[in-house]
Amino acid sequence: MSMKYILLPIFLLLFSTYTLATDKRGELSPLFYNEGESRYLNELSRSDLDYFNKTEKNLDQLDLLVTQNKKNFCAYQIINSAKNLLNDHNNVDIFLLYLREKKLVDDVSLQILTKAKSNTLINLKIPPDESLTEENISDAFLRLTEVQSKRVQNLECQEDLYRDLYFSLRQKAPILTRQLKNVLKLALKKHVIDQETYNVLDRMRKNRVQEWPMTLSEYARKISYIKKNLSDDENEKNNFFVTEGPNKQISYRQYLYSQYSESQILLMGQLTLNLKKRLSAESISINIHYSDREDEVILLSPMEQFRIILKILRKEMSDLGQSDLMGGKKVSYLDIITASYELGHISGEEIKSLVALEEIWNPKRTKKEKAMFWIKTFGSFSAVLLPPPYGFLSVLAIMIIDQQLSDPKRTEDPDFNII
Amino acid sequence: MKALYFLSILIFCLKPLSAKTFEVLLRDDQFRPTKEFVELNDLESEDSFDGKYFKIVLSKSNEAIKFDDEYSFKAATVYYHLTKARNYFIERIKSEHVKKLEKITVRLEISHVFNEVGHFAHDNLAKEYNNALSVPSGKGFPAKNVAPWGPEIWFRPSLEVHVRDLGFSDSNDQLIKSSLHDFRNQTHLSNFRNFLFQLIFSVNAGQTEYFLNSVFRLVQSSVIMEFLYQTSDEAAQFFSRKIYKLDSAMVPEIIYHEYSHIALSDKMELTHSSPVNEGFADYFASKIAHSKELATHINEYNLFSGKKVKNKLMYRAEFERQKLANTDFVFGLLWSLGNDLKKDADDDFVFGMTRELNSSSNIRDDLIRSSLKSCTQFCLDPMNDRLKLFQFYHRKNF
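Protein chains in written order, with the working numbering: chain A, 3 to 421; chain B, 978 to 1375.
None of these hints come from the bench; they were simulated from the model.
Backbone N, C-alpha and C define an ideal beta-carbon position, used for all residues, glycine too.
Ranges of calculated distance between the beta carbons of each label pair, as one might list FRET restraints:
1. A:TYR292 to B:ASN1092: 45 to 53 Å
2. B:ASN1335 to A:GLU284: 14 to 22 Å
3. A:GLU284 to B:PHE1014: 49 to 57 Å
4. B:ILE1067 to A:ASN249: 55 to 63 Å
5. B:ILE1067 to A:TRP363: 43 to 51 Å
Only pairs whose alpha carbons sit at most 27 Å apart, straight line, appear in this in silico BS3-like list of lysine-lysine:
6. B:LYS1365 to A:LYS354
7. A:LYS370 to B:LYS1285
8. A:LYS279 to B:LYS1373
9. A:LYS354 to B:LYS1373
10. A:LYS370 to B:LYS1373
11. B:LYS1373 to A:LYS378
12. B:LYS1373 to A:LYS372
13. B:LYS1350 to A:LYS278
14. B:LYS1365 to A:LYS372
15. A:LYS411 to B:LYS1300
16. A:LYS317 to B:LYS1365
17. A:LYS279 to B:LYS1350
18. B:LYS1350 to A:LYS354
19. B:LYS1154 to A:LYS411
20. B:LYS1154 to A:LYS370
21. B:LYS1365 to A:LYS369
22. B:LYS1365 to A:LYS278
23. B:LYS1365 to A:LYS313
24. B:LYS1373 to A:LYS411
25. B:LYS1365 to A:LYS366
26. B:LYS1365 to A:LYS370
27. B:LYS1365 to A:LYS279
28. A:LYS411 to B:LYS1269
29. B:LYS1350 to A:LYS313
30. A:LYS313 to B:LYS1373
31. A:LYS369 to B:LYS1373
32. A:LYS366 to B:LYS1373
33. B:LYS1373 to A:LYS317
34. B:LYS1154 to A:LYS378
35. A:LYS411 to B:LYS1285
36. B:LYS1365 to A:LYS411
37. B:LYS1373 to A:LYS278
Only part of the chain A face toward chain B is listed, based on derived beta-carbon distances under 7 Å:
38. SER303
39. MET305
40. GLU351
Isolated chain B (complex conformation) (with noise of 0.2 Å):
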């Protein structure tokens, strides 16, 4: 009797973790957004996203979302990717500190700003959207009744917001306009050569009707290209996007990207954002996508251009800003270390980088520091690998 009753226990703690199909938003090979039923692991729950390693759960609620509610599309695909990118880091990485976490509560459409102290901040504060965050863990405030919370993942509600309102410009739009700068100059430069160069052999000839009429022809390129040039901004505007909307939940690299923050959390904190913590977790949830790109091409919940690793920039002083943070510099110069600098050692090179870093490492001293040191433990040829990361450095103009 005694050892019915100890099974029986048992059998009751030992809840079997269930596997059920959703359908879920995935990328095909086209890196295209599309539906598909997936089967999701580690369920412990039978009616709500309640598993081993995440909960998702809406807003400020501590309950699951359940299988049927309007929100089970959305949780499910969140559920799935999160699993995806903790099973990349336990296979891949091998980090002692991912399969040591405790469970995560993942929130969705949640728009309250976070408060450390208590956990949400009040309801009267002005609302998030169109982003994610990855949040540390907190002690609670009894006082206030508040709990303690583990680490968590929010993903704000979407919603179409005008770009000038976000107060940022596009660096596609500099680029043009400092193209158009040149191209002016180049243009009035060139008329003024021609001029001379008519004045010369114009007037000697005797040509003097064909000579006005060219500077008549010069003088009016020269004011169509100015015209041009000072009415560019607000061609640009006319021309340009000017709604903005981010479905995060719905986009898998940013779902991988806070999962690498989490994942990357026993090194870099969750306090704060840096250049260097951003662009470690663009890198991992790009390796976990497959992908160069992040969260392009899915316009049905993306307006914004997301981050290409494509971008050849050179460094700036100005990048070590918090501001910048989200900036694609640290993630380009990442990818170019771990791709193709270092195939042979790759995510583990990388990954042994943020072993040396905190969220307070900066570019130039920390993140180059500890890129020698990695190379040192996984480069297969040391020295050699050394000297290509500095020749490197040297060409990004640290």
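Next comes chain A alone, as it looks inside the complex (with noise of 0.2 Å):
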């Protein structure tokens, strides 16, 4: 047998004792990592959190829900066991916020927590008037004979057993998935699987499981490799993406652990790692390469070298968008960015600026242009309104006020720079 042979599984046995030995995050929680502030814990919760830690009973079994080293952390089976061992199985909110607070789960745990313990379902469309073909049932039925096997060997949580039949279903046959309260009755009225299996498929149909943007398990999977790839500064910690986000109802890290796998995150954060090698770059110049004479280099100046860099990066962000291992997800330049602080490729301190690059592609208009904007559009307006001549008094208000609120303007590609 060849040596090397013989040396590949010592090198992988030895990088991954090293892995899980500098894999200082991985002591925490499975579900939570050191984000910062929760958006869900505010003053109003504290008192209520106060309460709950002087009168329940068995907060080290309830600790033990989302600490104990589990295969598969399930939404659904947190809560029903919450719900046995609280004092009172109403109190299951603040039971998740004192989760948050003690830093046992983070929010984008919390928050799928939240969905499988909402009680409040979703009004359900009426289903539309469609026949099931015999071959529809008969490939609902396989897959609901897997499910209902699965369902009682406990192999998977629930959540995700209903979205694998659900996605499997549709994937078959739309139809299926439409008329699934039909196929489930059908299945149980022909024995194909049992009353709690039903019971357990219906509720998950009614919550519409099917729309969450990830289950727990995926998460804890996803969390879990993200984190063997972190530095092991545990005291990193930015409020920005989990205060700030793309809309008001989801963070940046949920945004990015709903709609990337951990390969794709691994992917953004490698473009973060090029963009800071290349900004450390000592020169960056042109070369033309002649055929019957000496080649020519030319030097670019450092806001050259910075632009350029700039470019490299957003054709990088548009290849990466375009490639089949993103499943043509077009990404944004904040989700690199959430990706590559998520990975530990960059700071705290360095989100502000990275951030801000942005500004010099995708400029903004500030609220000082905004307004000015609507001075202008009202001040002409009133200049033919004004008697003659006390026109020029309209236009030399906006000129006043133009000059005190306007900053100098940049010249565009200015001939002096290549780049």
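Make the complex out of the two chains shown on their own, each in a separate frame, by following the hints.
Encoded structure:
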């Protein structure tokens, strides 16, 4: 046997041992990432939490629900177990906040658990009047038999089982998901699934679990993978990705983990590593090769270097978005920054400066510019309405306000720069 | 006996440095000129401004100005502020070059042009006024009895001259002219819109007389505006400052500026002015003076507008030209870099930049590169701070 076949397993063994040994953040709860302040905890919840801490008897057992080393973390299972352990099963909301305050879960886990806890059923559309074919029913039953078996063996979380079922049925024939209620009833009637499996699946259907961005077990798997790639600075935390988000309902962290797989997050993080490496370059030059004379080397100025580095970044973003690895998802710059922070490629201190880079290729209108737009619009209108010859007063007023408000303008693409 | 002999020689060699009190010109808390008595240290002479580090002389003379000379107030002021500037570079910047500098001769009231070979240009050549300069050391010209000389600082005499003879235009005048140009164009456009509006609504409503009256007023307004615009240059000339005067030796910031040139001369030679070395001299002068403004509010000795860091100028390629070496663009840029962007490093960071530059360095390439390099050494978080620098330069139109 060649030497390399002996050395390779040894190397892999050593590497994994090293990774585990240096994975300091891995010591934290599997459902917690040190993400800074929670967007769910506020002053009002503090008093409830104080009361909860004082009165709840089974705190140790409740903690174990999310800290015990399990194969899968199942949101519904955790909620059901908590209800059994709590003094008052109506205290699930406070229990979830308690977990967040104690840093046993982070905001992303908390959001999934809250969805699982929710008893509010979303208004379901009345299924359309469509007829299922024999083939459809046969496909569905085959899949439901597998679900029944897995549920009995308790191999997977209920929500994962349901989502797998839903997406595979949709792939087979969309009618099966539109008529899922009837399919489940028929399967129960024909004894393909038992009553308990029916209850579980129907509850998931009513709670529209297929619309969750991800399940708790998926998140636990992603975070476990990501944690292995983190830097070992456990004090590193920043509120930006928790408090800010693409919309008010979701933070950048939540969005990242719901949209991208762990390998996609790794790929995105690589772009920032490349960016940082290039920013520290000593010099960048353009080489012009001739066949019949000496090559020409044009050394770029520092700002030309900076701009070409940003252009390369944008090109890499576009290439990544086009690649099959990303599944056709368009990658935004903020997603890349979020991924890089999650992977520990950038520090909390660097976030603001890196986020501000986008302003260079995608400048936003400042409040002053927006204000000037309206002032000029109304000013021009009032100039017409003012009786002659007082129109100049309006012009004068606009000019004075403009001079006070406006920042000096940059000249785009001045001739003294190549890039 | 032998010991006594050596002791007497030693005492003679270790001539005590005396500290005497003189009235000098200072700045008060509001940055206005004020006269105060201060102690001048390191003086080696008992009766003249000849010290351990500076010798203040008059014009081409090599004799230090006497304490009872008519220029003693000016000499004391220069001596005091030069000492302050030297202390800044020794104590704050920890400059090894300044520590090793030989005694500097400082010439007051010298109007001769500097000559690299002969030290002083011929008396018949045109004189220079209202200025100051730092002079590099020279080897002399023994054949013509020109002795070698060390680095010197020259302060020109002040002389009232007409602004138009200086051949420069005030940047504020250009700004006002440009604003007036915009105002005139906008007023004409507004009057034209108003005319169309009246034409459509008043004529349709049958108010012909009102329409004609309005048109007459609009035309009147446009004519007056045009008249004001066309005569604006003459009006500006009539109302603006006509006389320029600068007694450079009586303006503390100019003294600091010239000393800064000497202090930085190990890297930025004194052979010629450039926007970069003038900008650095301005920056350190302002740091020594604790002010964002140079040479303003000292009207008794100064009738020029000074330099202000607040000038929010965007970079233009012509700022690289030697002719514009004394504009305040680089000064404002360095102030922003040193104070606004890099509060934790400021002076060390800016001084670090000078280690990478020389008098031929330009702004766009060399100055920016030096700041990025200096940041690697002096910034607390180099990666992050370099990013901030890039963004700042981008905003400044580089």
